[in-house]
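S.K.: The primary structure of each chain is shown beneath.
There are 2 protein chains.
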Amino acid sequence: MGVDLKAPIKVYMTRKLIGVSPDDTVKRAGEVMLEFDVGSLVVVEGRDVVGFLTKGDIIRRLVIPGLPNTTPVREIMTTELVAVPSTTPLGDVLDVLSKKGIKHILVEEDGRIVGIFSITDLLEASRRKLETAIATE
Amino acid sequence: MGVDLKAPIKVYMTRKLIGVSPDDTVKRAGEVMLEFDVGSLVVVEGRDVVGFLTKGDIIRRLVIPGLPNTTPVREIMTTELVAVPSTTPLGDVLDVLSKKGIKHILVEEDGRIVGIFSITDLLEASRRKLETAIATE
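First to last, the protein sequences are chains F and V. Taking the working numbering, the leading residue of the first sequence gets 1, the next gets one more, and so forth. Taking the working numbering, the leading residue of the second sequence gets 1, the next gets one more, and so forth.
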């Protein structure tokens, strides 16, 4: 598939971090997820990433307990951020995702969050390379 | 990665279809998704698959409109089922997912739903093959 497990994760991550404020409602966060077709958002306060929110977090912490969609993001976001350095090989990142049972991970450089990687990014990277290969046949 | 784009999708799909009833509440469906760690469920009535429910459907049709978690699954499930024959090559299936902007697809054999394929299955298949390769080095 043209995917190199030894390549650094920065090759496969996306730099397009979609952010919401911790004071935004979960309704708004859901709308942003659908608008940008992403399964996770970073929660940003000032210049800092203070949390992370996935569709799974919304199911687990809002839908199941039956909280209203006006609940602020800060009440259900994940504050323990999982991040890997941007030089980490893809294979090692897949290992972390698999062991932790997660589908998205933040990528850092010099202590700053610079990107995010999800399994979907890998699919898209594979497809792009595949299409390139077909186009140059 | 040891992933063969020409192999039939039945090699990569999972036969473990996790089902709920159309009369189950969305709260229950969310609990089942978390319990089995899946992003989608088939909705089963008698022996028939009558619908499909993803985390995205729950965000779009329950969380954003602010419906209660006691809403029955049948009110927010997707009834237009997207399925491919089990002999379809993986590469073609990835194409369908990409074009339709979806992450899960049903797999059929002789007009019956026999499995489901998601991007996560591909990751797991890649990892299993990778681990096998490492173990036999």
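Quick caveat, the hints were computed from the structure, so don't treat them as lab data. Heads up, a few of these hints could be off.
It does not matter which identical chain is meant; a pair holds if it fits inside one copy or across any two.
[Claimed, not checked] Under the rule of at most 30 Å between Cα atoms (straight-line distance), these lysine-lysine pairs were calculated in the DSSO-like manner:
no. : residue 1 : residue 2
1   : Lys16     : Lys103
2   : Lys99     : Lys16
3   : Lys6      : Lys27
4   : Lys103    : Lys27
Fair warning: this is a prediction, and the values are worked out from it, not measured in the lab.
S.K.: Are the hints correct? Go through all of them and say.
M.R.: The hints, checked one at a time:
1. Taking the shortest alpha-carbon separations for Lys16 and Lys103, both the intra-copy value of 17 Å and the inter-copy value of 20 Å come in at or below 30 Å.
2. Taking the shortest alpha-carbon separations for Lys99 and Lys16, both the intra-copy value of 25 Å and the inter-copy value of 21 Å come in at or below 30 Å.
3. For the identical chains of this complex, Lys6 and Lys27 are neighbours neither inside a copy (39 Å) nor across copies (41 Å), given an alpha-carbon limit of 30 Å.
4. In this assembly of identical chains, Lys103 and Lys27 lie within 30 Å of each other by CA distance both inside one copy and across copies; the values are 22 Å within and 22 Å between.
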